[in-house]
Every structure is written in C-alpha cells, then in structure tokens.
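Novice: Mind docking chain B on chain A? Use the hints.
Number of protein chains: 2
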Amino acid sequence: MSLRVQKFGGTSVGTPERVRRVAERIAKAYRAGHSLVVVVSAMGHTTDELIDLAHQVSKNPSHREMDMLLTAGERISMALLSMALEDCKVPAISLTGSQTGIITDPSHRRARIRRILGSRVRAALEEKKVVIVAGFQGVSENKEITTLGRGGSDTSAVALAVAVGADLCEIFTDVDGVYTADPRCVPQAKLWKKIPQDLMVELATRGAGVLHPRSVELAKQFNIPLFVKNSLKEESEGTAVVSRSDLQKGSSKASAKESRKVESERGMEEFQVAGVTADLSKILIRIELTRPTTLPSLWEAAAKNHLSVIAPFFADGKVSFFSDRDGLVEWHKNLEHLSLSGFVDSYKIEKDWVPLSIVGDRFSQDGAALAQVIEVLGRENIVPLLGTSSSLALTMAVRSDQADEGVRLLHREFLEGQKDG
Amino acid sequence: MSLRVQKFGGTSVGTPERVRRVAERIAKAYRAGHSLVVVVSAMGHTTDELIDLAHQVSKNPSHREMDMLLTAGERISMALLSMALEDCKVPAISLTGSQTGIITDPSHRRARIRRILGSRVRAALEEKKVVIVAGFQGVSENKEITTLGRGGSDTSAVALAVAVGADLCEIFTDVDGVYTADPRCVPQAKLWKKIPQDLMVELATRGAGVLHPRSVELAKQFNIPLFVKNSLKEESEGTAVVSRSDLQKGSSKASAKESRKVESERGMEEFQVAGVTADLSKILIRIELTRPTTLPSLWEAAAKNHLSVIAPFFADGKVSFFSDRDGLVEWHKNLEHLSLSGFVDSYKIEKDWVPLSIVGDRFSQDGAALAQVIEVLGRENIVPLLGTSSSLALTMAVRSDQADEGVRLLHREFLEGQKDG
Chain A
1 MSLRVQKFGG
11 TSVGTPERVR
21 RVAERIAKAY
31 RAGHSLVVVV
41 SAMGHTTDEL
51 IDLAHQVSKN
61 PSHREMDMLL
71 TAGERISMAL
81 LSMALEDCKV
91 PAISLTGSQT
101 GIITDPSHRR
111 ARIRRILGSR
121 VRAALEEKKV
131 VIVAGFQGVS
141 ENKEITTLGR
151 GGSDTSAVAL
161 AVAVGADLCE
171 IFTDVDGVYT
181 ADPRCVPQAK
191 LWKKIPQDLM
201 VELATRGAGV
211 LHPRSVELAK
221 QFNIPLFVKN
231 SLKEESEGTA
241 VVSRSDLQKG
251 SSKASAKESR
261 KVESERGMEE
271 FQVAGVTADL
281 SKILIRIELT
291 RPTTLPSLWE
301 AAAKNHLSVI
311 APFFADGKVS
321 FFSDRDGLVE
331 WHKNLEHLSL
341 SGFVDSYKIE
351 KDWVPLSIVG
361 DRFSQDGAAL
371 AQVIEVLGRE
381 NIVPLLGTSS
391 SLALTMAVRS
401 DQADEGVRLL
411 HREFLEGQKD
421 G
Chain B
1001 MSLRVQKFGG
1011 TSVGTPERVR
1021 RVAERIAKAY
1031 RAGHSLVVVV
1041 SAMGHTTDEL
1051 IDLAHQVSKN
1061 PSHREMDMLL
1071 TAGERISMAL
1081 LSMALEDCKV
1091 PAISLTGSQT
1101 GIITDPSHRR
1111 ARIRRILGSR
1121 VRAALEEKKV
1131 VIVAGFQGVS
1141 ENKEITTLGR
1151 GGSDTSAVAL
1161 AVAVGADLCE
1171 IFTDVDGVYT
1181 ADPRCVPQAK
1191 LWKKIPQDLM
1201 VELATRGAGV
1211 LHPRSVELAK
1221 QFNIPLFVKN
1231 SLKEESEGTA
1241 VVSRSDLQKG
1251 SSKASAKESR
1261 KVESERGMEE
1271 FQVAGVTADL
1281 SKILIRIELT
1291 RPTTLPSLWE
1301 AAAKNHLSVI
1311 APFFADGKVS
1321 FFSDRDGLVE
1331 WHKNLEHLSL
1341 SGFVDSYKIE
1351 KDWVPLSIVG
1361 DRFSQDGAAL
1371 AQVIEVLGRE
1381 NIVPLLGTSS
1391 SLALTMAVRS
1401 DQADEGVRLL
1411 HREFLEGQKD
1421 G
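Chains A and B are the protein sequences, given in the same order.
For the first sequence, position 310 matches number 310 in the working numbering, and the numbering has no gaps at all.
For the second sequence, position 353 matches number 1353 in the working numbering, and the numbering has no gaps at all.
Heads up, some of the hints might be wrong.
Restricting the straight-line Cα-Cα distance to at most 30 angstroms, the calculated cross-link-like pairs of lysine-lysine (BS3-like) are [to be verified]:
1. Lys-1318(B) <-> Lys-194(A)
2. Lys-318(A) <-> Lys-1351(B)
3. Lys-193(A) <-> Lys-1249(B)
4. Lys-1129(B) <-> Lys-193(A)
5. Lys-351(A) <-> Lys-1318(B)
6. Lys-1249(B) <-> Lys-1193(B)
7. Lys-1194(B) <-> Lys-194(A)
8. Lys-249(A) <-> Lys-28(A)
9. Lys-318(A) <-> Lys-1193(B)
10. Lys-1193(B) <-> Lys-194(A)
11. Lys-348(A) <-> Lys-1304(B)
12. Lys-249(A) <-> Lys-1249(B)
13. Lys-89(A) <-> Lys-59(A)
14. Lys-1348(B) <-> Lys-318(A)
15. Lys-1194(B) <-> Lys-249(A)
16. Lys-1304(B) <-> Lys-1143(B)
17. Lys-249(A) <-> Lys-1351(B)
Distance ranges between label pairs, derived from CB positions [as the list claims (entries may be wrong)]:
18. Glu-1126(B) <-> Asn-381(A): 57 to 65 angstroms
19. Arg-1412(B) <-> Leu-3(A): 37 to 45 angstroms
20. Asn-381(A) <-> Asn-1381(B): 44 to 52 angstroms
Read the hints as simulated data drawn from the structure, not as lab findings.
A virtual CB, placed ideally from N, CA and C, is assigned to each residue, including glycine.
Only chain A is shown next, with the shape it has when bound in the complex (with noise of 0.2 angstroms):
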C-alpha cells in the first residue's frame, strides 16, 4: 500500500476509449489498496491545435493569453478521466495547476516550479479519492496562470511526488523505456531496466526524449524513485531511474558482490557507454561578442526570456551552444537587440547543426575513445562542427541531416558487441 504518483502523458489519453483504459488501469492499482495522485497532459495533439489556433487568430498572440488558451487543454482530459473513473466506481476528483497549489515564478509558457502547496491534494487523499491534477500548469504568486513548457507534465508529476512525499513516481508513455538509443533510429538499442539518474539526467537533457530534463533533475536531487511504462502494455516492466545504491538493491547482497566481481573482469576503470542520442528539436547558436565582458548581458538575455542554454562553451570572446528550436524566433530579437546596444559583435542561428551526444562513466576523459568517435563518424564523412565533454556526456555538432546516421554509427562501435580495448 503505497502512495504513488502516475502521470499519464497525451498519447495515453489520445481518445475517449483510451482515456476509459487508462480509468482501468488507474482503479486497478486503487483497488489493490493504492493511495493515488494521477497527472494528465492534454489529448493527443491538443496543445499543437490550439497553438495553431491561436496563431489563426492573432499575428502575435500574448504569452499570457497563450497560457490561458493552452491550459483549457489539461482542464479536457482531467475532467474527463475523472468521469471514467466516477463510471468505474473509484472516487475521483480533478484539479487544476492552481487548485493544487503548483506556484510557479511569474514567466508564461517556461514557468519552473518553486512549491506546491497541495492541501487539496492530501485531503482529497484523506478522503479515499483518486486526485487528478493537470499536468503542464500552474500558478504564480500573482495568482497568474503559467505552463512549464513542452514536457512539462513529467516535471509536474516528480515535484508532486516530492510534495506529497510520495513512494515513488510512475510516467506511463508510449515507449517501453528508456534504450540506449531511440529504437525507430536503431533497432538494436537495448531496454535498460534500471539506470542511474545522473547519467539519466544526461540522456534526457540531450535529447533521449522518454523524459523531461528537469522532472529528472528534481527525481534525483529529491531521490523520487521514477519508472518509465508503457501504459499500452500492462505487462512492461518499463525502465526504473534510480540512485546509484538501489541500482544493486533486489539482488542479495551476495549477489551484489558477485555482479561486482564480473564487472571488475571487464576492467574496473574502464569507460561505460549508457546511451547516445541526437536532439533535432536543438539548434545551434554561435555568437561574438564585442568584448569578452558583455558575456553577462547574454545569459541575462537568455534567463529573462527562460530560453535553455545547453552545453555552452566560451573562449576569446566567441561563444556557442544549443538551444531549443521553438525559442528561434526569440533568440533572433534578443541577438538583434544585443547587437544594437553593442554587446554582440555578430551572431549566427545555425538550424541545420544539432546535437549529437554520447552518455557514460567515463567516457569523456578517455582520449582513445574520443579519438574513436571522432574517427568513426569520419570514415562516414560526419565532421563534428564543435564538441563539449562533461565527466558524464560529450556532445558534438553535426548537421541534422547526418544525425541519425551519427547515432546508428556510435551505437554500434560503443554498445553493440564486444570491442577490444
């Protein structure tokens, strides 16, 4: 008997006979004695229909507006699967980003959490009920409405989870879990059961796609054990992202040893690739400034309008990174803007170069096995415009219409059979 959060994200709940499967599955796990908060995204393509509307109707629609628009969409699928539920005899009750008490900073459409106050929620809970929360939303001090940006919905289910203080964290999705690569690239990507969340937090912040960074961020930081389901499946196990010390916990810890022992065979202090990935919703950013101190002007710039800002690097007054592709129309006013006030000597928005990483132990401080990437994807013609490596991640530019042959390419050098070393 646990207090579980389970997030259920568009697809899950893409039309009114899966919203009355997901109902089951939810009174299922009730049924078995289970307290239950569930967070729900919008149907299906909800929120990119009502994008579109909104530019429909207006040039230049207001974040504000937008947020209000965009939130309707949440408000759908919660009130409708609390129906089901009503229909499969399991109380339940629905409430908004505000109703919840998710208070957020006051940026619309990439608004981070800073608390939740949930009373709603526990006395809800108190009273035997299922609560559905709206995923994606919240509200300001102001009592403002916000959204946290695409993805936002695992981001809201983990800081409900730490709120609640609840067991653990289930994301139902349309993927078994998280691979070592995205199987519609690679077909050999192998299913992780269980993986650690810092190399997790990796794989999600370049572009893995199963999770959004930021709900990783906060599963780890709060120690939210979180696991990745199918919720088509009712058999998948899916993947767990877990601390590097429950990693070994279901195993004896005879066994433990022993799954210690075969590893040191493989030589102990040898790299361990985890994943690669490439991020086509990423562009790349190269910018010069006028003078090596205007650099704070150009992270303010990005801060102020909530654009990410992903492995960054600067050196003799030039400066490159990736950024979103949906913040291009932002990024373009704010360079232009800096330009003018002569902080930016010039800048170029590259949209055809995107990132392409490679995720492990490791592996970024091994020389040889840098050398091997970058030979590797030469042998292919793939030259890296510019790479970055972390103690956990070395990620590289390559032209968008080479990347999936990048990740197949390092795939299958670094995670598919034996090599020698």
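Specialist: For chain B alone, coordinates are given in the frame of chain A:
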C-alpha cells in the same frame, strides 16, 4: 562487525610516532570486531624525495625504473605499520600491489586498474589478520611493476573495497573532510557531512584535492560508501560520500519528507551550489589543428601517454583543455611531434591559466547564475579566458595569481548567506 577498507595517506604515516598512532587506531577497530584491509601511502614526502634522487642520478630516468624506485616507498610504510600492529598484539601482514594481485594496464607511472585478484587478501582476512596493502602500486599482466599516478592510493583503496566486497571505505587524511571550498583559502568554507557521489566526482576532478577523482568514480560506479576523516582527530565524523538515496538515510521517513518540504520552500527548481574550486596543479593547452579531421591524433597522443584531458572543447579546428602540470614536458614533446607530422598547426601551453570551477545541481544551465559569475569576477578584474559548462559544473580558465581570489568571490556570492533570486 563489518568488512572495512581504511586508507592512510603519507602525512598520516609521516613519522614513526604517527605510524604507531595509526596502528593504535587500527587496533581499536580490529578489537571492535571489524575485518580490516588497510591501504598505506609512502611516508610523508618519500615519493617526492625518491623522484628528486632519480633526477640527481639520471637526466632522463625511464618510467619502468621510476616505478621500481617509487614503489619502495610503500614497502617501507607498510612494513613499519605491520610491525607496529604486531606490537599492539594485532596479527597483521603486509602485501605489495603485486602480491595483492592489483592488475593494471602496462602504462608505467599512470596505470589504470583492470582488476584485483585479492586471493591472498581474502585468505589473510580469514586468518583474522589485518591486511596492509601497498597503495599506489600494481602489476601488469607481464609482471611489470606499475604505479597509478599521483593520489593513486585512494584509487587502490576503493578498488580493493570493490574486490573484497567491503561494506565501506574510509580515507584518513590530514583535513576534516570535504568543504565547500579549500578552508586554507576560504575560512568560511562549510564542511559537508554528506555529499552525493556525482557532485563529489566533479569537485574532485576540478581540484578539491581531498580525494583522487578516479577513486570517487569507482566509489560511485560500484556504490561503495566512502568516508573522508581526519586521521589526527579520533572524534572527527568527516564527510560521507554517498548515493542520492543514502543522503536521506539516518533520518526517519517522516523527517526525510519534512526535509524535502523545507528544501522545496527554497524553490524546487532552483540551482544548488556544492562547492567552488581552483586547481593550480593544472595547465591550459590550446591547439590549432591543420584540419578538423586531425583531432583523433591529438586524443590518441593523450591516451597513449595517459595524459589527462579535462573539460575539453573544440570548434572550427581549435581545441582547448586543461591537463596536469606534471605532464608539461610530455605535452611539449607530443605537440611538437604532432606539429612536425602535420596534424597540429600551432599550439600554446598556458602555464599561468588554471581552472576555476563552481559545482552544483542545475547551476550551469541557469543563465542568470552564469551571468552572475562573470559579473562577480569582473568587478575584481578577473576575466576568464574561456569557460565550459556541463550539467554539474562550470569551469573557467583564470590567471593562476587570481585563482584564490576567484574562489573567495564565488564562495561569498553563492555559498555565504542568502541571495535574492
């Protein structure tokens, strides 16, 4: 009654009197019923003195003979410690790296551990002996004596803990534990009681100095609870380096939930800073390749010579990274060779630029935080030459004579008192 690996560094066994004190401390743990494997470094500055001696004898001593020479250091300390233990009526046996079966790759002076056989260790433990193992040293598959590089004894200790299935590993040193900054530089620095493994890897890689980075990598990968303690203070609790889930242990479930709630008041998705480091033992290397495709030859040269490559990035055929100052001569030789072979167009070894880093969750994706760093430093005329940012750390190159001031400024800004966000 646990199985523990304890490691005592050079300072802790620096004099005969200290060797006796360490023996008494070990004896106490032994009498409390613990099984003990003890890893020792060479006494005090023995290793440096032996290196000096070698250079007085030969202009260019071979790496093989250097390893032979240096490994005499631990031979002395471990034999002395074993004698002192026998005097305390504690049965003890000393074993060299080779006798222990610490198998490494064949690279002299900077070898990596492949695996540990450890049969003699296990046999001696069964005979209720304290097993004293020489740190820092190993043996290649060809029975050549190797050493693990500076700080290698920490790595020996954690690798042994993995191999014998120890419950924990204690690193005894001459400081109280892991601080938010080097307390010699920042008196206000705070001691961590517990710190997560992934952040400790970053701090160690970026110059925290207390633990060797490779040892923390191993502790993280195999989830060995790692304790850093002051060998001269018996009551010192020190710092525990643990997984994210073990961070909350010791507190009851209710209070873990409580602490989650308190944390969330600070803004769930706000960055958290774990520490600030500067590393004067590093140099900055900047290279222009003749063509982007010659990059592998550079990484291969680093790998072949086991030269470290820290926070590397490349763009448009230019490469920058940090490496160990004691690899200076080898870098010169390699880069000269790569120039002559037509791989490298030009290179610069910047001895006066060192890494200044700030480590923590979410920090380096936060535009506002990045801007603040550059501004705070700029106010004191510290202008980083370059910088690179990963999910857990921001690392910049600053002038070595400004590094300590940089640490103080960033520590004051991000770790002392509360800032408005």
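Novice: Hints first: check each against the structure and report whether it holds.
Specialist: Hints versus structure:
Restraint check for Lys-1318(B) and Lys-194(A): the C-alpha separation of about 38 angstroms exceeds 30 angstroms, so the hint is violated. This hinted pair checks out: Lys-318(A) and Lys-1351(B) have alpha carbons roughly 22 angstroms apart, not beyond 30 angstroms. Taken as a hint, the Lys-193(A) and Lys-1249(B) pair is honoured in the structure, with Cα atoms around 24 angstroms apart against an allowance of 30 angstroms. Only pairs whose Cα atoms come within 30 angstroms are accepted, and Lys-1129(B) paired with Lys-193(A) is rejected, the gap being roughly 40 angstroms.
The straight-line distance between the Cα atoms of Lys-351(A) and Lys-1318(B) is roughly 22 angstroms, inside the 30 angstroms bound, and the hint therefore holds. Using a Cα cut-off of 30 angstroms, the hinted pair Lys-1249(B) and Lys-1193(B) holds, with the two alpha carbons roughly 12 angstroms apart. Simply put, Lys-1194(B) and Lys-194(A) have alpha-carbon atoms about 24 angstroms apart, close enough for the 30 angstroms limit, and the pair holds. For the hint pairing Lys-249(A) with Lys-28(A), the CA-to-CA distance comes to about 26 angstroms; that is within 30 angstroms, so the pair holds.
With a CA separation close to 40 angstroms, the supplied pair Lys-318(A) and Lys-1193(B) exceeds the 30 angstroms bound. A C-alpha spacing of about 28 angstroms is found between Lys-1193(B) and Lys-194(A), which places the hinted pair at or below 30 angstroms, so the restraint holds. Between Lys-348(A) and Lys-1304(B), the direct Cα distance comes to roughly 37 angstroms. Violation of the 30 angstroms bound is thereby established for this hinted pair. Among the hinted pairs, Lys-249(A) with Lys-1249(B) is consistent with the structure: their alpha-carbon atoms are about 15 angstroms apart, no more than 30 angstroms.
For a cut-off of 30 angstroms, the pair hint linking Lys-89(A) to Lys-59(A) is broken: about 46 angstroms separates their Cα positions. The straight-line distance between the Cα atoms of Lys-1348(B) and Lys-318(A) is roughly 18 angstroms, inside the 30 angstroms bound, and the hint therefore holds. Of the pairs offered as hints, the one joining Lys-1194(B) and Lys-249(A) holds, with about 21 angstroms between alpha carbons and a cut-off of 30 angstroms not exceeded. Distance restraint check for Lys-1304(B) and Lys-1143(B): the Cα-Cα separation of roughly 20 angstroms lies within the 30 angstroms cut-off, and the hinted pair is therefore satisfied.
Annotation: proposed proximity of Lys-249(A) to Lys-1351(B) is violated, straight-line Cα distance about 47 angstroms (limit 30 angstroms). Against the hinted window of 57 to 65 angstroms, the Cβ-Cβ separation of Glu-1126(B) and Asn-381(A) comes to about 59 angstroms, which satisfies the hint. Restraint check, Arg-1412(B) to Leu-3(A): a C-beta distance of roughly 41 angstroms satisfies the suggested window 37 to 45 angstroms. Here the CB-CB span from Asn-381(A) to Asn-1381(B) is close to 46 angstroms, well matched to the stated 44 to 52 angstroms.
Violated hints for the displayed structure, listed by number in ascending order: 1, 4, 9, 11, 13, 17.
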